[in-house]
Amino acid sequence: VDEVTAHGMSTRTATEVSNRALAWLQTNGSGGPFMLWLHYYDPHDPYWPPEAYRKGIEVPSDVAMGDRRLRQQAEAARLNTKYYLVDEVFNKADRSALRSLYDAEVRYVDAEINRVLEAVAAMGLGEKTVVVLTSDHGERLGEGGVWDHCITVADLEVDVPLWIRAPGVSGAGSSGYVSAMDATPTILDVLGYGSINSTMAGVSLVGAPKQRVVASVWQGRLVALQGDHKLIYRYEAHEWVPSNLHVRRQGQWVEIGLEQSPELIQRFDDDIAAVPTLGIEINAITQDTLERLRALGYTQ
12 VDEVTAHGMS TRTATEVSNR ALAWLQTNGS GGPFMLWLHY YDPHDPYWPP
62 EAYRKGIEVP SDVAMGDRRL RQQAEAARLN TKYYLVDEVF NKADRSALRS
112 LYDAEVRYVD AEINRVLEAV AAMGLGEKTV VVLTSDHGER LGEGGVWDHC
162 ITVADLEVDV PLWIRAPGVS GAGSSGYVSA MDATPTILDV LGYGSINSTM
212 AGVSLVGAPK QRVVASVWQG RLVALQGDHK LIYRYEAHEW VPSNLHVRRQ
262 GQWVEIGLEQ SPELIQRFDD DIAAVPTLGI EINAITQDTL ERLRALGYTQ
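Take 12 as the starting number for the sequence shown in the working numbering and just add one per residue.
Everything labelled a hint here was simulated from the structure, so no lab data went into it. In this text the structure is predicted, and so the values were computed from the model without any measurement. You may find that some hints are simply not true.
As the list claims (entries may be wrong) - List time: in silico DSSO-like cross-link candidates among lysine-lysine, alpha-carbon distance up to 30 Å:
| no. | residue 1 | residue 2 |
| --- | --- | --- |
| 1 | Lys103 | Lys66 |
| 2 | Lys221 | Lys241 |
| 3 | Lys93 | Lys241 |
| 4 | Lys139 | Lys221 |
| 5 | Lys103 | Lys93 |
Could you build all of it, start to finish, from the sequences and the hints given here?
Here's what the structure looks like:
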């Protein structure tokens, strides 16, 4: 069991994860097909990468080891509010330091992932191995006065990397929106099991997927994207109800009235209704599934 911080965050470092992966590969990597899942936790508060990655970053003495929550929670208790909404306790130097530390955490993890990929290549498995790199969420670093993640369905929280390298598959990537749910269908397609993809919400990214609606769901909100439009739904009376419609203009999302585009909203509704997992009620999930989700930390 991993040790945790005072906030319940894992203290497992990227170096430890990579070291375990390298040891596992030495024992299991050349004996036949394998699957190795690595969870790097470091780009997460408190933002405190190894010393080599902190060089040149001026950290205020009262932002102890990149732990912004210590200051936020004290003020949140006084104001009787959520800690992640406490923004005024950070001055310009604090913000610069915390953002630089977060960036340094990402560089650190990048280097540790590269260690594993280099080992895979050195074992002669580079051209035989499917590699998927993704994340479950982004991070707010004071944008909109909010710190943390899993708060809203804003772009900076749901827009995450999805990078897949697979033998025999080439291309510059998709020109449209894709989803983390596309990772599994893509892997199955590469491995020759594409026939079962029709039962999944995602699609294989092999080839050029057609333009489609891609959705993210969190806290009773659903954001659906297609082309230059974004539609946000709220969950009411067991159904998704359109709430806010945006159009991209000069790289920025601009809200427009729902009444202006009824046909567009209908197309969104039709595509959303076709996604098999979005209509699942949490109470309809079996106890076994709930236990598995709880074990992975996705529910309580």
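Tell me, which hint numbers fail for this structure? Nothing - there is no hint that the structure violates, so all of them hold.
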